[in-house]
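Q: For the record, the sequence lines run as chains B and Y. For the first sequence, the working numbering assigns the number 1 to the initial residue and increments by one for each residue that follows. For the second sequence, the working numbering assigns the number 1 to the initial residue and increments by one for each residue that follows.
Hints may be right or wrong, so weigh each one.
Claimed, not checked - Chain B regions said to be covered by chain Y (calculated; three or more residues, Cβ under 8 angstroms):
#1 338-348
#2 359-365
#3 430-444
#4 460-469
#5 568-582
Unchecked claim - Calculated lysine-lysine pairs in the DSS-like style (CA-CA distance at most 25 angstroms, straight line):
#6 Y:K258 to B:K461
#7 B:K229 to B:K63
#8 B:K418 to Y:K258
#9 B:K424 to Y:K283
#10 B:K461 to B:K424
#11 B:K424 to Y:K121
#12 B:K461 to B:K415
#13 Y:K121 to B:K611
#14 B:K461 to Y:K283
What the hints contain is simulated information worked out from the structure, not anything from laboratory work. Just so we're clear, the structure is a prediction, and the values are computed from it rather than from any experiment. The beta carbon of each residue, even a glycine, is placed where N, CA and C say it ideally should be.
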Amino acid sequence: MTARKSGSRIETEIERCRSEGQWDKIPELVRQLSAKLISIDDVGELLLGEMKLQQFLKENPPKQNCSPRAARPPLTEARTHLTNALQRGNLRPELQQEANVLMGKLCYVEGNYSEALTHFSCVNLDDMQLSSAPIYRLAMIAEAYATKGLCLEKMSTSCPPSSAERDQEIITCYEKSGDIALLYLQEAEKALSAGMQNRSPKPGPISQEQELGFFLETGLQRAHVIHFKNGNLTCGVGRFREILRAVETRTTQNLRMTIARQLAEILLRGMCEQSYWSPLEDPPAQSPLDEPQCSHTHTEYTLPRRARIYTGENLFCPQENTEEALLLLLISESMANRDAVLSRIPEHSADRVLSLQSASVVYDLLTIALGRRGQYEMLSECLERAMKFAFEEFHLWYQLALSLMAAGKSARAVKVLKECMRLKPDDPTIPLLAVKLCIGNLHWLDEGECFAQMVVDMQDKAAEFRAKGYLALGLVYSLKATDASLRGVQEEYQKKALGAFQRAQSLAPTDHLAVFYLALQLAVSRQIPEALGYVRQALQLQGDDVHSLHLLALLLSAQKHYHDALNIIEMALSEYPENFMLLFTKVKLETLCRGPEEALLTCKHMLQIWKSCYNLTNPSDSGRGSSLLDRAVADRRQLNAVTLPDFSDPETGSVHAPSVAASRVEQALSEASSLQSSTPKHGPLHPWMTLAQIWLHAAEVYIGMMKPAEAMACTQEAASLFPTSHNVLFMKGQVAELRGNLEDAKRCYEEALAISPAHIRSMQRLGVILYQLQRFSLAEKVLCEAVQLCSSSHSGWHSLAEVLQAQGNMAAASECFLTALQLEASNPIMPFTILPRAL
Amino acid sequence: MLAMDQGVVEEWLSEFKTLPETAISSYAASLKEKASLVPALYKVIRENYSDLLEPVCHQLFEFYRSGEARLQRFTLQFLPELVWSYLSVSAGRNPHHSGCIEALLLGIYNLEIVDKDGQSKVLSFTVPSLSKPSVYHEPSAIGSMALTEGALANHGLSRVVYSGPHLQRETFTAQNRFEVLTFLLLCYNAALSYMNSSSLQSLCQLSSRVCICGYPRQQVRRYKGINSRMIVTSEFLVQLITGIHFALCNGEPDLGSKALDDVLYRAQLELYPEVLLLGNAIKSSLRGAALKSNKEGTRSIQVEITPTSSRISRNAVTSLSIRGHRWKRHESQENSIDSPDPPLGPIPTISVTGVSGERVVNGEALRGRTEAETLGGTSELGLDPRGQEVRRQKPRDAVDLGSPEELMEISEVDEGICTQAAVKEGSPPIIVVSSTNVTPSIGKTAGKGLRRLTGSRSSKDKEREKEKEGEVSRKQSCGRAMSENLELLSLKRLTLTSSQSVPKGGALSLSRTASAAFSRSFEQVSNALGVANRASSPASNHSPKENRHSACSLQEEAYVDHLSPANVSLQLSPDV
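So that you can see chain B by itself, here it is in the shape it has in the complex (with noise of 0.2 angstroms):
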């Protein structure tokens, strides 16, 4: 105010050497001063006082937790000049607060706290002006608040009976400092970007970053430090609030990662949605959140100038405490991830450490955050972004393989555990994590063995964990024995696995899991009775475990026992009511234990219970897509029969005509990929298909009462959702075969073919029709690779044989009709390997 009152040029560079803290300056420009004019040498006396105190607190940093007892020379000067600048009087009112505020400091750092309060009486801290005050003049007020709060809390220490209001106070006057505080590195911020600007040309100093001193810092902090310690939450996350609330500083950057992150912890680690206040609601008057004691008085109070907050249309607030603490984590996660120290050289090891361990923090919660509400995708794009700390660092390593594989990115998962494997190659679960991805969508067999083989290879080390890689090795081999086109072959891998159900079996004896596909390995090479006993062994370690009752009741069809086999499906139904596997297998044995018009209520009711299920299934829940790379995979693997989506459609189950259908393909194409993520993992098929799969069940039935008409509708039904699919092919080539047009069923069989070349049915009705359109030597060719593909069906056999007669061979038909009687003897109404083998 000087400055602008006289306009000097020395007073306009001595305000701002205060401001930028350049107290070297300060005694040559108080000569130049005085030199002009005699009547200021009281305000030099402030002047050199103010530099003496700033330049011990430069070099003696005063720190938390200790007091600063310690008279030092400079100090004794410093006291000199500031009571020569008091004593005389001759100062304008505002230096005279000024000098009273810095002897009010001053004595604090020499630990007389009753003087430093006396000295802070003198002044009305509350009467010093905000508005229009020269920045140092904002800082140094804010110090005072400061250091009258440190002082009174010494006080109440040293004689106990604090009172409520003594406490308040103190409460109060750090809640001032750090407003005030605020205010002014907004302020000097503004002044050091505009000072930038006009001085560019010149090189200037270079724009050192501001640091807060002891005094600031507590101011800051303290009020929330005292609110958290008294147990008082609703306060302090009020603090935290209002200094995130206020728009952010270079210096305050730092500050402002540490609060958003602690506020983010006590968000999830304290709070509940019911306890929860939004940032702009005021707090609830009783929180369970504080401490029964502790007093609710908190004293509003009002600044005459405030720093400025965060403002503007459409702001988003948050509504939920997870939405809040999302977002002060990804707030704190942008800065975090800016100080990740990148070089790796030894002498930033421990800069390295540092950065690490404050990202890893945010990472973390970040992963509590998302994780509670099931946002893997997202969780898995955060964590790919903390990969820039992750050289070597097993569990960020691991958390993002973890993030991926529950995203559904299953093939980068595998990758990313690969290398968790070898940063710590002792943990069987890494291992079986990866093969349980390989066995799962991506069917990556050969590396799935490699990863089980790991876990067995652990011995002991493995501990529970090896029985788990026994059996991971064990659905290895039992897939590559189904998909092996050799007998050899698949023989040998059937005994690998039975070998290694066995032994996971022998280990874990208490396991369901490994009894019931150790019986479902011997129920695929037809070994009926011994599968019968382990499956009823499975049933009594877990007597409601759906795939064992289900394989119970296939093992019991293969006997011939169907009555027995529906019981055992119905039961399980009344457990399982909305299990559509159950169901289909219920429509193949109503057929033949109840007649077909049985089986058509079952798809009726199927039907239904599918409307129920996925009716209510809200559009919004389709996720986010997942990653180009995986959605091509998928694709890849999908390509025999193309995922339908569009949840949104209000009338799902109805009847659509086929121009919808068509359209409709196409924009599902389009979309496809959005949907492939939103498929339940472990759940069942997809909605579309399972509903596809009622139609064809029924169209089937229809088959059965030689309906050829009803078949036809029910098979259109399934074909308006996949047009393409092999399955819907061949039921149209069964339906011409009924109605006895032979060279069309033969057509669709070929088609069928042609989308999925291993699919057994079509390949061997294709094998009858050409041996009725008398071409023999082509039906025994299609009919041998049917019988190579999958030779434990009796109906390819027989085929084969009634070919191989009609060609006169007898031998080889009569060997083929024998081994058709055989396989047919354990043939179950639905094959063995419709149960899922997964981990």
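Given chain B, put chain Y in place with the hints provided.
A: Leaving out everything else, chain Y in the frame of chain B:
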């Protein structure tokens, strides 16, 4: 059960029945004062055969149905105990079944899945995004964000459903059991702050028991009760873990950490990634915060005054400093352009020294790579099959002009302007990745490079060029890149010779801008560079290996493909 407890419960049962509608809220407030009631009710629930169980369950349901929040919470506090009671009975396949507990659980579930109007409730939340202003930030201050696919697809705020809608359930079946229980735990977790310690303890016990029954760990925990395994779902465990986390931080560190360990143990056996994620994160985040139960309060939320200045030393290379670094280099480029003879201006050179002599393991190769990439070039640090580091200098502009996006992707915090400017001006920063053990093979490589430069490209190269062209044809600047290719190559030769004649210029301009770490390594490499230049002075350029990473593949490969040495050598083999 003691007669006294029974009396308390009976009194509680009769009291509420006679309560007039208006007195409910005052009654709810007074419930807290009945200290002996809650333990007595726990006893009733634990004792499966108590006659009081049915009326108690009925009354708890009445409480819940009243709609009074405090009464609802009173009921909710028993939820973990009720769930355990239900699960243990159904797992034991006990003929005696606790029908009333099932009914209570289903009753709460059916009340909670609908809103006031009887519509199915859908729980959703908004995913915040830094690209939209909020009460806590301004997008411009955050700097450019990673342009991941997800970020683009999700630009702005999106609401995501995390639970619901759910079907009304009449009975528990094996299929819907955990669906119902998971939802109930979600409701419980929403009121966690109001739960007292006995409820939290019961939650921890429930978690431990569900997870270890029937597994070897049951012996470790010395729990004797049911010893058959219970089926769990990962969603159920996630909800349990959320509650355990709260218990851990709010007065139950011992039981909580035990429960957390047990849930993690089970999650490992079941191979549930979701649960492992959450559990690992909680464990690791609590490792820092000391978990001792402080005497004055039960909460382990402790806040200290932290220094506000960055604790990371100024001369460490951080993501941020690299960003600033690039700006400065860019400025110096501008200067050099302004000078009368652009091609002869000093070319700033950034170099990264590889570890000499040592065998570079995968991780390190990766590290060197990312470092170099973040510096702005796409230099390749490779391994040849013999395990020696191959020295390769790859001028970025010669090949990479086509894809500025690539750079954007590499250093996500990069300002777009910088990259674009660099592309326009075409005065390239040269990235050298070198090892100090200069091998004689350099001459050979250089010779090869020369051959390629002078146009006698092998057909293989041309093919790859085509491939590359196809790859980048989507990108706008591709055409220009191809046409300018030759021109730039000649430019490159000029600039290199000039830097050889005035090597100090480049060095100076760099050492001013670069941080300590880099200027030091620069000195080392400028020597190496000198040697290299002398060795290959007529050509002065090493084979500008085509960058075969498309923008999208890079992201993948950056940390995945390089994990196995096989991949690395495979990738390089055509050129080495």
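Q: Now tell me, hint by hint, if it's right for this structure.
A: Results of checking the hints against the structure:
1. By the rule of at least three residues with a Cβ nearer than 8 angstroms to a Cβ of chain Y, the coverage given for the stretch 338-348 of chain B holds, with 10 such residues.
2. Residues of the stretch 359-365 of chain B with a Cβ under 8 angstroms from some Cβ of chain Y number 5, which satisfies the need for three, so the listed coverage holds.
3. Coverage of the stretch 430-444 of chain B by chain Y holds. Counting CB-CB distances below 8 angstroms, 3 residues qualify, and the rule asks for three or more.
4. Only when three residues or more bring their CB closer than 8 angstroms to a CB of chain Y does the claim for the stretch 460-469 of chain B stand; here the count is 3, and the claim holds.
5. Counting residues of the stretch 568-582 of chain B whose C-beta lies closer than 8 angstroms to any C-beta of chain Y gives 6; at least three are required, and the coverage claim holds.
6. Taking the CA atoms of K258 of chain Y and K461 of chain B, the gap is about 22 angstroms. The hint holds against a cut of 25 angstroms.
7. For the suggested pair K229 of chain B and K63 of chain B, the alpha carbons sit about 20 angstroms apart, so the restraint of at most 25 angstroms is met.
8. For a cut-off of 25 angstroms, the pair hint linking K418 of chain B to K258 of chain Y is broken: about 30 angstroms separates their Cα positions.
9. Distance restraint check for K424 of chain B and K283 of chain Y: the Cα-Cα separation of roughly 18 angstroms lies within the 25 angstroms cut-off, and the hinted pair is therefore satisfied.
10. For the suggested pair K461 of chain B and K424 of chain B, the alpha carbons sit about 13 angstroms apart, so the restraint of at most 25 angstroms is met.
11. Proposed proximity of K424 of chain B and K121 of chain Y is contradicted: the alpha carbons are some 44 angstroms apart, above 25 angstroms.
12. Taken as a hint, the K461 of chain B and K415 of chain B pair is honoured in the structure, with Cα atoms around 24 angstroms apart against an allowance of 25 angstroms.
13. Between K121 of chain Y and K611 of chain B the CA atoms are separated by roughly 19 angstroms; this keeps the pair inside 25 angstroms, and the hint holds.
14. Restraint check: the Cα-Cα separation between K461 of chain B and K283 of chain Y comes to about 23 angstroms, which is no more than 25 angstroms; the hinted pair holds.
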